[in-house]
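Two chains, two frames, some hints: make the complex.
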Amino acid sequence: MQRDEPASPFDPATRRRRAVDAIACVLIATVILAAFAGDSVRRAGEQMQPGLIADVVTAVGHPAGWIADQLPLAGAADDATAFLSPDDDLAGGEGFALSAQPAAAADAVAPVTADAFDPRDLGAEPPTRRPLRRLLVTGDSMAMPLDAELARRFGAAAGVSTQREPHIGTGISKTALLDWGKLSVRQTAKQPPDAVVMFLGANEGFPMRRRDGGPEHECCDAAWAAEYAWRVRLMMNTYRRAGAARVYWLTLPAPRDGDRAVIARAVNAAIRVAAAPYRAHVRVLSTDSVFTPGGRFRNSMAVDGRETLVRDADGIHLSLQGAAIAAGLVADALLADFSVGS
Amino acid sequence: MVFPSVEFALFFPLVLTLSWVLMPHPRLWKPFVLVASYAFYMAASWKFGVLLAIVTLGNQLAAVVLAHVSGPRAPKWIVALAVVLDLGILGAFKYYGFFAQEINGVLGDFGLALSMPLVAIAIPLGVSFYVFQAISYVVDVFRGVIERGPTIDVAIYLSFFPHVVAGPIVRAREFLPQLAKPRDPRDVVVGAAVVLIAVGLVKKVAIADTLAREVVDPVFAVPEAYAAPDVALAAYAYAVQIYCDFSGYTDIAIGVALLMGFVFPQNFRAPYRATSIRDFWRRWHITLSRFLRDFLYIPLGGNRGGRIATARNLMATMVLGGLWHGAAWTFVLWGAIHGSVLVGEHQLGNRWRPPAWLGWLVTFHIVVIAWVFFRAGDMATATTFFGRLAVDGGATLVTAPIVAIVAAVIVVQLLPQEPLARARLRVESLRPVPLGVGLATLVLLVAATVPAQGVPPFIYFQF
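These protein sequences, in sequence, are chains A and B.
All residue numbers for the first sequence refer to the working numbering, where the first residue is 255 and numbers rise by one.
All residue numbers for the second sequence refer to the working numbering, where the first residue is 197 and numbers rise by one.
Excised from the complex, chain B in its bound form (with noise of 0.2 Å):
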């Protein structure tokens, strides 16, 4: 079930009000929420939920034996089997193509006959969203961040329907606490979520997929049949689309939690406003990039083993987060970009720095580069869709309105966030019938930009 779908429309007001009405009474709330959401989740494939189940009591049963061990090996040894578990669903599921493909591909090439059985395997929605935040629970409990919490809990936090999908990833320690007690009804911040969820639905339904489907689509599908000025800009708007639909999407997540009365770490703030890519990664993503810090880069080592060590774990810690993106040399190659630029900044240090306007830039347009290999599919794709930047020829999908909508995007990000906040915090103070009325016209404007295919999925759901 996607967010902006008929489905959801109707699922959505009715679980919220049942939500609120049984709030005040956790064994009837409890059980309510996790039924709901394991339906919001199964509504794609029942099989999907057997998996996600499989992982909840998982982690589980080794966050239980945790307290019933001691020794300085047996709770490391409990962990290792849980984070061994949950990595082994994420690789069989997601990489076992890939690799069943290139190890076949090069046994082919030495003659041998031997080959590992091909699979296609569908991937299971949000699996890499919800496999981090087990690793995250069980990890937090074995390094006593957390105490370990009921069944039930840890089964809410990983299935709650508003991240279950596509994140943010959420950590234990910020959502088991809020399930201990009720959630107090006078406390909701109404105008914030529903400015989230307004906000959302545009950067998704209105731009994203009126980039996609106008510029980026047909020039990353065929980029051979297009000349300089469309692929530029194809490049340009693929760089406003991904941003528009995996904020989008994390901007009406967070704002269902809200009127559920939960909150969600934020997961963007204005990244293409970043000067440097250690800046961009401090606003893109914010929570997958808190994971990798937290339960890689610094188990790794971090930046405690002197220079080399360090560079070593940056480009590691990278190249495996490009990966975490789908199994694709692509996202590989697109993580060892931003890796070596990281490795690059942390080597200069404090010794040099641009000025601002040229780190933007730089950094900008570095993101933008990259991004074509995230988007690519294959190699020989992105190899074209850069060789045509150099064919002269004429712009058949440069319009005005689709440039608008690009510079518009970067360029909100460029303003002063401020006079934006406190315009925002206007609307957000709205009483709700206005604030009903304005989501509701919203919506119709929003989706009569819909054409007759329907709102395709989320960016983010592949991966």
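Chain A extracted, bound-state conformation (with noise of 0.2 Å):
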């Protein structure tokens, strides 16, 4: 083993200064940073999950954020650096604005068609098992491991390219972060994947506000479901290309904290009423009967009759083998609807 102990972390000829220079070199950092980005702030306090912290950066964000916009530099900062950052555009909540749910008078017939039926349902003959080449595996943190789980199962021996994309942190209402509404057209625009698997919903529980308009609604109660819902619909739809893909959306496993069972509970009310006019090519994988059934938290359960670990220590996340037995969830239902292999 080392005998050296560890040296200074300075050079000894470093100059010394006086304790205000610190606060004056930090201070005006902070000032620079307000002034071309306190719109950042501003968005981070309303992005945060609701708390004490939370209420601390928006109170300093607001402000902050007006000042920043009162000034020309955040824009120019923004364009100055462009070329260094890794994603385009995809904040804001726009993209949800594409399709406005329409107001609809309350006794008004909603209209069904044949893609709300599962032929199964009906007793048909399911189409025939189409090749299985491209698939993206998307969502937020919930995504992983499952994402690598099915990239090793669905790999290159298959055929089939996996596309993994998970964001972490970003949920559907949570637009000023990454918008779902836009991400899904970009998913879908180049190289159309045949499968798309979605496992969303970690950082669920803002307000939202119908894009066209009226109240903002806060989570859990009906209106803020069927926003949510409509969001999910649009996603859908656009995943599923008018039925030249099928769409796999997992619904939530119960998280341990109460709170977040509350959104989780909304989250996965909303999938399956969104899903309901395709059922055609939309399927809902229930992961919260699997991992979680009668709504009850769990962080092991039997698999292959030995307890197993299935949750990770945040009582939110799926562990390893929760990842693989989701897994096994989705390639069950992939089989069905796809011929896998060259």
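Accuracy of the hints is not assured; some may be wrong.
[Unchecked claim] SDA-like mimics (lysine to any residue), calculated; alpha carbons at most 20 Å apart, straight line:
| # | chain 1 | residue 1 | chain 2 | residue 2 |
| --- | --- | --- | --- | --- |
| 1 | B | LYS377 | A | ARG272 |
| 2 | B | LYS243 | A | GLN303 |
| 3 | B | LYS243 | A | ARG272 |
| 4 | B | LYS243 | A | ALA308 |
Derived by calculation from the structure, the hints in this document are not laboratory data.
The structure is reproduced here in structure tokens:
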């Protein structure tokens, strides 16, 4: 083992200054950042889970954002640094406005189309299985490590090109960070996938407003769930490409935390409602009934006769073993619709 | 709370200002900095703060009792109890799940229905770091290296926000004397601190996270999907990523502490310049290697018992050092690889030394190979990863910017360090205004490289 003691982290010849210089230096940097990126502080506060820290960041973010709005510096900084950005502009929420939910009269009857029926429910022969060439696995952090597990199962050996695209920290009700309405269009534009696996919902619960106006809905009453279902339905419709692709949308297993469980329940209900018109092309895979039957959280379950941890320590995500079980659910559903292997 | 975050950008200017305002009044400064540190730490979960307080009070109680007992045995029992408390907490939170699964697996193989309950326990942030610091405190008091400190000083030492989450592992004898009297407000190395923070941000956000996003994470998640060129690039890229991630964190931590008037020890010294594994451990995570030497290797007997005993002690130290990083066989194997090479180097002694270039080449590649186990998550992934190195195929992830970043981080460590140090000194001597403007400009540039999902946590947060 080494015998040396760690050295000082700075050169002894480095210049000494006063504490007030340290404070001045940090405050100058802070003021400049507020002027150039105050809107980022405001946006960060709005996107945080509710709590004291979110309140503090929002309290600072609003005036900082206002100052940044009055100055032309933020736009200039964005333009100057755009070449460094790894993302295209996918924030904002306009994606869901492309097709705002039409207001319906209370006594109006919603139309029903043939797409609302899974042929198997009518006793019809299921369509011939098509070869699966391109698989997109996407969502938020819930989609990890499900994406890797599916990529292993449907890898190059099976002749399937699996695109893994988790967007951590994002949500359908959280469009300032990333707008799933825009992203879903982008995801299907280039190299449209034959099948889309979606596992999303760990960061939901933010207030939503209908893009064509109206009041803002707080989570998680029927109005909030309706807006959420509408957005999910828009995405499902984008992904299914009028029946050219299949969508496999996983519901959320109940989280350990009670507040999050309320959100998950509303999300799951909304997913099921959203899928109703598209049951010919969209499968809702109920991970909630597999991992948390009766809506009761559990860390572990019997797998092949052996008790196995299926949830992460955070009480939200699936463990590696849990993701393998979810991947099995998805694989079964995919293999019912597609042939795999050349 | 992580350093590169909006929360910290709001927290730190306030705390820094109030800290210097209150510094001349220790009765105000100490409670203030303790509260600030706990607020920083408990931003993740208040429960973590409770555990930190228990560790603090438990070790301080042991230190108090040590002062009141005498005789040859009683002090040893006291310190042993404190260390058992510390390691028990570490074991319960970090290793219970791993060992429960392994034991249940073995019991199941023998058809025994007995099983340990499976609980998914969230590992408290930084527990591995502050537990080691707590051990260093109580053992150094026992050894008479330091005097027992006031409880509030010990609480600040263990919770001080620049190092509570991921080190560096500062010894009590280094930190407690700095709390004994107020820091001198005319002796702050502002330039060095700002440069460290700036370099740390670039390392973490612009380099480590980019490599993780573009190469490392995709390949390690599904190595089956990639052929030799991508897999080889991922191996080198991970070596650079983990260095930039961890040393970037440490740079920021040391810089933040320096602005507050506190000096932490250096934790990295161009580790990929090493020409032997022994040399590597003088340059990589220096404060951990020092801890393992003083509190594990030497108590085990060090090199005092002959070649075989020395080899055993080296292996035990490195394997346990591997296990310290996490409860997985891949970490054990990572430690075993380093231990085996250290044993080999020790056995060779001065009988044969390779030329420097060969020593560097071999050492660097041993380190890179060992990192694959460190990163893989499980043995199957590591095996697949190495297997794919023999698979011919296209390079889908190899791009000029990525290769340039990987090469640049390694080459900079191989260059003569003196000219770099001189250039750095010139920047450090800038006045506060240009330093502040420079830091803000750099933050804006670095922030532009952050994707929509934000800055991922530092790798060492999980340890």
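Each hint, compared with the structure:
1. LYS377(B) - ARG272(A): With a Cα-Cα distance of about 17 Å, the restraint between LYS377(B) and ARG272(A) holds, given a limit of 20 Å.
2. LYS243(B) - GLN303(A): holds, 18 Å
3. LYS243(B) - ARG272(A): violated, 38 Å
4. LYS243(B) - ALA308(A): Holds: LYS243(B) and ALA308(A) sit about 19 Å apart, inside 20 Å.
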